Amino acid sequence: MSAILETVGVGRKYGDFVALEDVSLSIAEGELVSIVGPNGAGKTTLVNVLTGLLKPTAGVVRFRGEDIAGIGPVMLARRGMARAFQLVHIFPAMSVGQTIAVAVISQEWKGLSFFRDVSRDESVRARVHEVASIFGLEKKLETEARHLSQGEKKLLDIASAFALKPEVILLDEPTSGVSSADKHGIMRNVVDASKKAGVKAIILVEHDMDLVAEYSTRIVALTAGRVLADRPPKEFFGDPEIVAAIVGRMVGRLAKEA
Amino acid sequence: MRTAVGVLVLASLAALFALPSVLSAYYITLVLPAVAYAIALLGFNLLFGYTGLLSFGHALYVAVGAYGAAVLSSKLGIKSFELVLLLSGAAAVAAAIPVALLSVRYEKIFFGILTLAFGMLFHSFLFKFYDITGGDTGIRVLRPSLFGNEFKDLDKTAFLVGPFYYYCVGLLAVLGFVMWRIVHSPFGLHLVASRENRRKSEYLGVRVRFFRLIAFSISAFYCAVGGAILAINTGQADPELAYWTHSGELVFMAVLGGFANFFGPLVGAFTFIFLKSELMGITQFWRFWLGLTLIVIVVLFPRGLVGLGQDLWTRLHRQ
Numbered sequence: 001m002s003a004i005l006e007t008v009g010v011g012r013k014y015g016d017f018v019a020l021e022d023v024s025l026s027i028a029e030g031e032l033v034s035i036v037g038p039n040g041a042g043k044t045t046l047v048n049v050l051t052g053l054l055k056p057t058a059g060v061v062r063f064r065g066e067d068i069a070g071i072g073p074v075m076l077a078r079r080g081m082a083r084a085f086q087l088v089h090i091f092p093a094m095s096v097g098q099t100i101a102v103a104v105i106s107q108e109w110k111g112l113s114f115f116r117d118v119s120r121d122e123s124v125r126a127r128v129h130e131v132a133s134i135f136g137l138e139k140k141l142e143t144e145a146r147h148l149s150q151g152e153k154k155l156l157d158i159a160s161a162f163a164l165k166p167e168v169i170l171l172d173e174p175t176s177g178v179s180s181a182d183k184h185g186i187m188r189n190v191v192d193a194s195k196k197a198g199v200k201a202i203i204l205v206e207h208d209m210d211l212v213a214e215y216s217t218r219i220v221a222l223t224a225g226r227v228l229a230d231r232p233p234k235e236f237f238g239d240p241e242i243v244a245a246i247v248g249r250m251v252g253r254l255a256k257e258a
Numbered sequence: 001m002r003t004a005v006g007v008l009v010l011a012s013l014a015a016l017f018a019l020p021s022v023l024s025a026y027y028i029t030l031v032l033p034a035v036a037y038a039i040a041l042l043g044f045n046l047l048f049g050y051t052g053l054l055s056f057g058h059a060l061y062v063a064v065g066a067y068g069a070a071v072l073s074s075k076l077g078i079k080s081f082e083l084v085l086l087l088s089g090a091a092a093v094a095a096a097i098p099v100a101l102l103s104v105r106y107e108k109i110f111f112g113i114l115t116l117a118f119g120m121l122f123h124s125f126l127f128k129f130y131d132i133t134g135g136d137t138g139i140r141v142l143r144p145s146l147f148g149n150e151f152k153d154l155d156k157t158a159f160l161v162g163p164f165y166y167y168c169v170g171l172l173a174v175l176g177f178v179m180w181r182i183v184h185s186p187f188g189l190h191l192v193a194s195r196e197n198r199r200k201s202e203y204l205g206v207r208v209r210f211f212r213l214i215a216f217s218i219s220a221f222y223c224a225v226g227g228a229i230l231a232i233n234t235g236q237a238d239p240e241l242a243y244w245t246h247s248g249e250l251v252f253m254a255v256l257g258g259f260a261n262f263f264g265p266l267v268g269a270f271t272f273i274f275l276k277s278e279l280m281g282i283t284q285f286w287r288f289w290l291g292l293t294l295i296v297i298v299v300l301f302p303r304g305l306v307g308l309g310q311d312l313w314t315r316l317h318r319q
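Protein sequence lines, in the order shown, are assigned to chains A and B.
Under my numbering, the residues of the first sequence are numbered 1 to 258, in order.
Under my numbering, the residues of the second sequence are numbered 1 to 319, in order.
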């Protein structure tokens, strides 16, 4: 198994505060790796390091063998990694079709054509339609993103990331704020679509242990910036200590928030 | 709707071409600056309406266009208007790139203040460096040739309200068409995406800073073309063109017409010029009435005159 994405001894400090320490991960083809942990465990920092947004203060991050520390989101997208967001990140005034087209244009390197009418570009249009129908959005192509339901906004966010034809896709709490009935719908949609489209690995950051247990091939647990466990779901949930450390604290936190 | 827009555009162009046979020369010399501002605003709004960056310093590029026309015509003896436009436009792009490199890293008020500061710098340069710029009197602008034709048998006014007027309306049509293509191109869509959500657009591979830099340069080119026309119309390039209130007028026109619509700023340019000249004829408190107009527009019709027109259109069609 060769790693598509890996970190070796990654650390990140903010002044004196240590957000990540000595994190070594390796994600291989065909995996769906979940990153879990209580709030403040360093998940967001890790995601930002993995997506080249943050430079680690120690260690290396490699994507397909190349160092991607701090290369930034644009270069990351060009190299084949896409990210969907925890809070829906969409273009409120743009239609579903236009939103997906933004990604298709980058992917087809057409951003610097100034005179082509984008609505008449057949290859862009076909690809937009294809991606939209994968995520069940083909009837909403003309709808402005701000008029979509919360679940549809999530799907659009993921669909636009998907339109980049990424090798790795990172989903940051893709189902937060979505009804539990829709959660599985979204996850199944993403997993199926990824398989069909040749996405090689998925990274999932998720609080919902149902989803983590059902879809992951491996679970990485973070506490206080360190890797506490890195195991397949069966072993993970079979270890009472880990469950107590991660899930227990998360449930406690969630109960407090509620 | 689409055909209605097409018909309106063609009708407006036809009206502009027909105006000299209907209106007196005085009014045509008023329409000329409106055409000049319309061209400048096409560029200004690529940055403001489409890219979401509000510049308070775009009078700088209007002034570069005007001084470009002045220097080229009266100091270097270049007559060809085509050459004047290209060279002043290029000068404006050259002036825009360093400003843009610094300011496109910022957004909102920080972008606005930076562009304002550069505009004021340029204004004081024009004002203080008397030997180069003529100080407060500026530089004279000589009559150019159009497509190599000097129209020597026409006096100044006849030239302006005749061939020069038609030339400028033609220029507005051509540059308007080019801008229409730009905002509907893949590049234009990426600009809008970066306006709507910078972070998300970056994760979708949009090169936000680079594209903003290009949009800024294009807008500077358009402003310079407008500035060159203005300078030829008045026969003078003076520092007032670069003053920050002039930048404010560009913003005023865009808001008045409605910056969310492609045609809004064009409507704004024409309305503003006529409103201003009519108000100046009626009262010495014209600034007060202009200000009041702007307040009414912002509060009651935030989508400007074009937005108001669209609402009326949909209401009529429902009945």
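The set of hints was computed from the structure by calculation and includes no laboratory data.
Model, not experiment: these values are computed from the prediction.
Where hints are given, some of them may not hold.
Each pair of labels, with its calculated beta carbon distance range [to be verified]: (1) A:Arg146 with B:Tyr27: 42 to 48 Å; (2) B:Phe210 with A:Ser133: 29 to 35 Å; (3) A:Arg64 with B:Ala15: 29 to 35 Å.
The C-beta atom is built at its ideal place from N, Cα and C for all residues, glycine as well.
Hint check:
1. A:Arg146 with B:Tyr27: 42 to 48 Å: holds, 44 Å
2. B:Phe210 with A:Ser133: 29 to 35 Å: holds, 32 Å
3. A:Arg64 with B:Ala15: 29 to 35 Å: With a Cβ separation near 60 Å, Arg64 of chain A and Ala15 of chain B fall outside 29 to 35 Å, so the hint is violated.
Figure legend: structure checked against the earlier numbered hints; the only hint not met is number 3.
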